[in-house]
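K.L.:
Let the sequences and hints guide you as you build the complete structure.
If you're matching positions, the sequence shown starts at 1 in this note's numbering and goes up one per residue.
Hints listed in this document are in silico derivations from the structure and should not be mistaken for laboratory results. Fair warning: there could be bad hints in the mix.
[Stated by the list, open to error] Each computed DSSO-like pair below joins lysine-lysine, with the alpha-carbon atoms no more than 27 Å apart:
#, residue 1, residue 2
1, Lys144, Lys119
2, Lys244, Lys205
3, Lys112, Lys205
4, Lys244, Lys222
5, Lys144, Lys100
6, Lys90, Lys135
7, Lys135, Lys100
8, Lys100, Lys112
9, Lys90, Lys112
10, Lys138, Lys100
11, Lys135, Lys244
12, Lys205, Lys144
13, Lys90, Lys144
14, Lys222, Lys100
15, Lys126, Lys144
16, Lys126, Lys100
17, Lys244, Lys126
18, Lys112, Lys138
19, Lys119, Lys100
20, Lys90, Lys100
21, Lys112, Lys126
22, Lys119, Lys138
23, Lys90, Lys126
24, Lys90, Lys222
25, Lys244, Lys90
26, Lys144, Lys112
27, Lys135, Lys119
28, Lys135, Lys112
29, Lys100, Lys205
[Stated by the list, open to error] Here are the simulated distance ranges between beta carbons:
#, residue 1, residue 2, range
30, Lys112, Cys273, 45 to 51 Å
31, Ile274, Thr81, 42 to 48 Å
32, Asn286, Val252, 17 to 23 Å
33, Glu263, Asp78, 41 to 47 Å
34, Val120, Lys222, 34 to 40 Å
35, Lys222, Gly183, 36 to 42 Å
36, Thr79, Asp242, 34 to 40 Å
37, Asp242, Asn182, 20 to 26 Å
38, Asp191, Asn286, 25 to 31 Å
39, Thr81, Ser259, 33 to 39 Å
40, Gly284, Ser175, 38 to 44 Å
Built from N, CA and C at the ideal position, the CB exists for glycine as well.
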Amino acid sequence: MDMFNENPMFQEWNSILSQRKTMSRPEGMESASDVLQDAFRIERMQQPRRREILPWAVSFAMACITAFVLVLHFRPQDTTTILASSDTAKSTFTLQDGSKVCLNMGSTLEFKGDLSSSKVRSVRLKGEAYFDVAKDAKRPFVVKSENMDVTVLGTQFTMSVRNDMPASVYLQSGSVAVTVGNGESATLCPDEQFSYNPNTGVCRKSASNAANHTMWAGESLKFNNVPVSDIIVNLNHWYNVDIKCDNIPVAVNTRLSFSVRNESLHEVLDAVCILSGMQWSCSGDNFVIY
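P.N.:
The following block contains the structure:
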């Protein structure tokens, strides 16, 4: 009762009622003071429940906001995947859309999201890779690099983008559209190549035996009556080196048959030179056949 007596409003009501004690009211009707006491009692009873509900509601809202932020942060389209091969071995991968890629030594392939559902299957290459792209007419496959982009729908080709060499594409089957840093573009047919030197801005499209630039992606090199000049090209890809030839006439007119699997580069160069009558030398990472 003290809590009501201390309330200013209740005190005001008591003052009014004390001045009108002679007034009567119908039987069974509550006095104004009784009604006011009931009102205050109900208000006091409801306040603890409101205090209990409010923290729960705030916690629930914060949980929903946190969950929404986490979903946005970890959406599949924001996930970056990086595929890499070591400096001493190549690596083969099957991408989410069914495409296959073989990374030559020291190469990386990077892409965001899920290639099986993205509108454009976009990847970024550093180094050298062989692509066997799964066909999908509605979703082009784009290989990007610093100075060259290649767009395909389904095909087999090799792309090389190394810092010390011109960017190049060798098409084995299908068709590709190439766009380079200076704005030039070209469409390739099977057994054609396209190269671009970013230092000079020179582009070159020409006929090429694509097999010489794609065989390295297999488990072995198999040569059957192949000119030494073509063998050298294959060895450059297989061992990730740059072999020069100073005796072009002999290299073009001499044909050899042999296979390479686990042999070292020195062992293979010895065999080539013994069979062709040439010699080879090296200075650091520079190899020359003469």
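K.L.:
Would you mind marking each hint as holding or not holding in the structure?
P.N.:
Going down the list of hints, with the structure as the test:
A C-alpha spacing of about 16 Å is found between Lys144 and Lys119, which places the hinted pair at or below 27 Å, so the restraint holds. Restraint check for Lys244 and Lys205: satisfied, since their Cα atoms lie roughly 22 Å apart, inside the 27 Å limit. Proposed proximity of Lys112 and Lys205 is contradicted: the alpha carbons are some 31 Å apart, above 27 Å. For a cut-off of 27 Å, the pair hint linking Lys244 to Lys222 stands: about 21 Å separates their Cα positions.
Taking the CA atoms of Lys144 and Lys100, the gap is about 16 Å. The hint holds against a cut of 27 Å. The straight-line distance between the Cα atoms of Lys90 and Lys135 is roughly 24 Å, inside the 27 Å bound, and the hint therefore holds. Between the alpha carbons of Lys135 and Lys100 the distance comes to roughly 12 Å, so the proposed pair stays at or under 27 Å and holds. Simply put, Lys100 and Lys112 have alpha-carbon atoms about 17 Å apart, close enough for the 27 Å limit, and the pair holds.
A threshold of 27 Å between alpha carbons decides the hint, and for Lys90 with Lys112 the separation of about 22 Å falls inside it, so the pair holds. Taking the CA atoms of Lys138 and Lys100, the gap is near 19 Å; set against the 27 Å cutoff, the hint holds. Distance restraint check for Lys135 and Lys244: the Cα-Cα separation of roughly 37 Å exceeds the 27 Å cut-off, and the hinted pair is therefore not satisfied. With a C-alpha separation of about 19 Å, the suggested pairing of Lys205 with Lys144 holds against the 27 Å cut-off.
For the suggested pair Lys90 and Lys144, the alpha carbons sit about 20 Å apart, so the restraint of at most 27 Å is met. About 22 Å separates the Cα atoms of Lys222 and Lys100, which keeps this hinted pair within 27 Å; it holds. The straight-line distance between the Cα atoms of Lys126 and Lys144 is roughly 9 Å, inside the 27 Å bound, and the hint therefore holds. Distance restraint check for Lys126 and Lys100: the Cα-Cα separation of roughly 16 Å lies within the 27 Å cut-off, and the hinted pair is therefore satisfied.
Taken as a hint, the Lys244 and Lys126 pair is honoured in the structure, with Cα atoms around 23 Å apart against an allowance of 27 Å. Distance check on the hinted pair: Lys112 and Lys138 sit about 19 Å apart at the alpha-carbon level, within 27 Å; holds. Distance restraint check for Lys119 and Lys100: the Cα-Cα separation of roughly 19 Å lies within the 27 Å cut-off, and the hinted pair is therefore satisfied. At most 27 Å may separate the alpha-carbon atoms for a hinted pair to count; Lys90 and Lys100 meet this at roughly 13 Å.
In summary, the hint linking Lys112 to Lys126 is supported, as the alpha carbons are separated by about 15 Å, within the 27 Å threshold. With a CA separation close to 8 Å, the supplied pair Lys119 and Lys138 stays within the 27 Å bound. Distance check on the hinted pair: Lys90 and Lys126 sit about 14 Å apart at the alpha-carbon level, within 27 Å; holds. Simply put, Lys90 and Lys222 have alpha-carbon atoms about 18 Å apart, close enough for the 27 Å limit, and the pair holds.
Between Lys244 and Lys90, the direct Cα distance comes to roughly 23 Å. Compliance with the 27 Å bound is thereby established for this hinted pair. Annotation: proposed proximity of Lys144 to Lys112 holds, straight-line Cα distance about 13 Å (limit 27 Å). A hinted pair counts as satisfied when its Cα atoms are at most 27 Å apart, and Lys135 with Lys119 qualifies at roughly 14 Å. A hinted pair counts as satisfied when its Cα atoms are at most 27 Å apart, and Lys135 with Lys112 qualifies at roughly 20 Å.
Restraint check for Lys100 and Lys205: satisfied, since their Cα atoms lie roughly 26 Å apart, inside the 27 Å limit. Between Lys112 and Cys273 the C-beta distance comes to about 47 Å, which sits within the given range of 45 to 51 Å. Between Ile274 and Thr81, the C-beta spacing of about 46 Å keeps the proposed range 42 to 48 Å intact. For Asn286 paired with Val252, a C-beta distance near 22 Å keeps the hint of 17 to 23 Å intact.
For Glu263 paired with Asp78, a C-beta distance near 45 Å keeps the hint of 41 to 47 Å intact. Separated by about 37 Å at the C-beta atoms, Val120 and Lys222 satisfy the suggested range of 34 to 40 Å. Against the hinted window of 36 to 42 Å, the Cβ-Cβ separation of Lys222 and Gly183 comes to about 40 Å, which satisfies the hint. Our hint of 34 to 40 Å for Thr79 and Asp242 holds, since their Cβ atoms are close to 36 Å apart.
At about 25 Å, the CB distance of Asp242 to Asn182 agrees with the hint of 20 to 26 Å. Separation of Asp191 from Asn286 is about 30 Å and conforms to the stated range, judged on CB atoms against 25 to 31 Å. In this structure, Thr81 and Ser259 meet the distance hint of 33 to 39 Å, their C-beta atoms being roughly 35 Å apart. For the pair Gly284 and Ser175, the beta carbons lie near 40 Å from each other, so the given range of 38 to 44 Å is met.
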